[in-house]
Amino acid sequence: MRTEIIGHNAFQSLRVELGAGERFVSEAGKMVRMSTTIDSEVQSVAKSGGIMGGLKRMLGGESFFFSHYTARSAGEVVLAPTLPGNVGFQQLDGRCGWYCAGGSYMASGPEIKTEPKWQGVKGMFSGESLVFVHASGIGPLVLDAFGMVSEEQVDGSFTVDTGHLVAFEDTLQYTISKAGGSWLNSFLAGEGFVIRFTGRGKVMVQSHNMKEFGSVLGPKLPPR
Amino acid sequence: MNVELIGNPDFGHVRYLLDSGEAVYVESGAMSTMDDGISVKIQMLGGFMPAVARKLFAGESLLVGRYESRSPGQRLSISPAIPGQVVHKKLEGKPFILTSGSFMACTDGVRLSTIFGGLKAMFSGEGMFFIQATGTGDLWCNSYGAIVEKDLNGAELIVDTGHVVGWEPSLQWSIQGMGNLMSTVFSGEGLVMKFSGHGKIWLQTRSIGGLTSWLRGYC
Numbered sequence: 002m003r004t005e006i007i008g009h010n011a012f013q014s015l016r017v018e019l020g021a022g023e024r025f026v027s028e029a030g031k032m033v034r035m036s037t038t039i040d041s042e043v044q045s046v047a048k049s050g051g052i053m054g055g056l057k058r059m060l061g062g063e064s065f066f067f068s069h070y071t072a073r074s075a076g077e078v079v080l081a082p083t084l085p086g087n088v089g090f091q092q093l094d095g096r097c098g099w100y101c102a103g104g105s106y107m108a109s110g111p112e113i114k115t116e117p118k119w120q121g122v123k124g125m126f127s128g129e130s131l132v133f134v135h136a137s138g139i140g141p142l143v144l145d146a147f148g149m150v151s152e153e154q155v156d157g158s159f160t161v162d163t164g165h166l167v168a169f170e171d172t173l174q175y176t177i178s179k180a181g182g183s184w185l186n187s188f189l190a191g192e193g194f195v196i197r198f199t200g201r202g203k204v205m206v207q208s209h210n211m212k213e214f215g216s217v218l219g220p221k222l223p224p225r
Numbered sequence: 469m470n471v472e473l474i475g476n477p478d479f480g481h482v483r484y485l486l487d488s489g490e491a492v493y494v495e496s497g498a499m500s501t502m503d504d505g506i507s508v509k510i511q512m513l514g515g516f517m518p519a520v521a522r523k524l525f526a527g528e529s530l531l532v533g534r535y536e537s538r539s540p541g542q543r544l545s546i547s548p549a550i551p552g553q554v555v556h557k558k559l560e561g562k563p564f565i566l567t568s569g570s571f572m573a574c575t576d577g578v579r580l581s582t583i584f585g586g587l588k589a590m591f592s593g594e595g596m597f598f599i600q601a602t603g604t605g606d607l608w609c610n611s612y613g614a615i616v617e618k619d620l621n622g623a624e625l626i627v628d629t630g631h632v633v634g635w636e637p638s639l640q641w642s643i644q645g646m647g648n649l650m651s652t653v654f655s656g657e658g659l660v661m662k663f664s665g666h667g668k669i670w671l672q673t674r675s676i677g678g679l680t681s682w683l684r685g686y687c
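Chains as they are written, first to last, in our numbering: chain A, 2 to 225; chain B, 469 to 687.
Possibly wrong hints are sitting among the right ones.
Unchecked claim - Once the Cα atoms are required to be at most 16 Å apart in a straight line, the calculated EDC-like pairs of lysine to aspartate or glutamate come out as:
| # | chain 1 | residue 1 | chain 2 | residue 2 |
| --- | --- | --- | --- | --- |
| 1 | B | Lys-558 | B | Asp-576 |
| 2 | A | Lys-179 | B | Asp-503 |
| 3 | A | Lys-203 | B | Asp-503 |
| 4 | A | Lys-57 | A | Glu-42 |
| 5 | A | Lys-179 | B | Asp-504 |
| 6 | B | Lys-558 | B | Glu-636 |
| 7 | B | Lys-662 | B | Glu-636 |
| 8 | B | Lys-662 | B | Asp-606 |
| 9 | A | Lys-114 | A | Asp-171 |
No wet-lab data here; the hints were simulated from the structure.
Turn these sequences into a full structure, and let the hints guide you.
Next comes the structure, spelled out in structure tokens:
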């Protein structure tokens with residue numbers, strides 16, 4: 002299996018080359034094109050994680066369905082995110098897992114195990130989702146993003162505004178907090194709640210925030 | 469202060485590395501990530517009345533956050549709400565006028581005020597009020613699409629409404645139709661702005677009005 006990010010800046014996609022018998026998994030609806038030598042099968046998450054697992058996943062802003070690709074002989078699958086932006090990519094080495102926040106899970110290698118993890122009240126205020134998808138194992142993990150993706154190293158503590166979080170290593174802890182100083186300042190600065198990470202590890206963030214873009218366009222559109 | 473403009477022209481944003489005591493004023497809500505050694509204080513840039521005027525008329529937020537570093541090498545990233553280019557402008561006493569929503573951040577020494585564009589501004593598609601930045605310091609602005617700078621050396625330039633990011637006040641401008649009545653109505657441009665004089669103007673290659681009127685067809 003070989004993965005490659007194709008396209009530039011705002012319009013990146015992921016190309017996956019599969020050899021005979023190799024497999025790949027994506028969230029349903031992400032496939033753009035594939036070779037005829039590849040079989041794709043849509044499975045509800047319920048099949049792997051039970052109905053509860055599936056429902057939890059939906060609360061995480063993810064699809065209830067997965068597409069499983071299997072190559073009968075060599076071929077390729079191209080997957081694209083929904084919004085313009087970079088494709089986030091991590092090669093997991095089994096050392097630690099990643100939490101994918103707010104529906105950012107897009108695809109993964111066959112050896113990656115994905116489980117919805119309940120975030121409770123923290124998830125509600127994170128502006129992301131009630132459930133994060135935890136990915137672990139060895140292989141590629143691919144993420145959806147709006148804008149440019151960057152990785153920040155956290156050593157101690159680091160603040161990410163809600164709406165900009167894509168994923169983070171599970172060696173990090175997070176709390177819902179305020180942006181520097183007081184709660185009043187945080188809200189007046191237009192930041193409100195932010196996500197404060199502590200520990201050591203990597204955070205993947207997206208440069209832009211869909212909700213903010215939506216709220217620029219929304220008032221200029223007629224009510225539904 | 470170390471400043472990096474990244475992601476241009478599609479997803480421009482700014483990354484600062486601030487040392488102790490260094491600060492930037494940031495448009496409300498624009499912070500995306502930051503280190504712990506940065507404190508946020510709310511200020512009304514240019515005083516209370518100018519800030520209120522900016523909020524009411526120019527659509528800019530009433531408040532800006534002053535992000536000040538308390539220790540060396542603190543990271544701060546800010547991004548606009550809209551995909552597009554981010555540009556830096558060094559102000560050296562010469563004022564610069566920005567259309568509403570184009571202001572993103574500035575350093576100490578830059579003063580922002582609201583100016584009334586007059587009746588003609590009602591037809592400019594840019595709002596009735598503009599933001600004037602004066603003083604000396606650094607200014608960061610954002611656009612929808614890429615930014616194109618034109619230096620009008622006594623020439624005239626016609627710009628479609630909704631495509632202006634900013635200009636130097638040494639330029640004059642007026643509103644006019646696109647030729648005769650027939651072409652004004654049917655060209656799809658409607659009213660346009662005509663700039664003349666000596667000075668620089670910044671244009672954006674796309675307009676939010678264009679995007680929303682296309683989306684409206686699908687609502």
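How the hints compare with the structure:
1. B:Lys-558 with B:Asp-576: Between B:Lys-558 and B:Asp-576 the Cα gap is close to 12 Å, so the pair holds against 16 Å.
2. A:Lys-179 with B:Asp-503: Distance ~13 Å between A:Lys-179 and B:Asp-503 Cα, so the pair holds.
3. A:Lys-203 with B:Asp-503: 14 Å, holds
4. A:Lys-57 with A:Glu-42: Violated: A:Lys-57 and A:Glu-42 sit about 22 Å apart, past 16 Å.
5. A:Lys-179 with B:Asp-504: 11 Å, holds
6. B:Lys-558 with B:Glu-636: Between B:Lys-558 and B:Glu-636 the Cα gap is close to 13 Å, so the pair holds against 16 Å.
7. B:Lys-662 with B:Glu-636: 14 Å, holds
8. B:Lys-662 with B:Asp-606: The given pair, whose Cα atoms are some 28 Å apart, is violated under the 16 Å limit.
9. A:Lys-114 with A:Asp-171: 14 Å, holds
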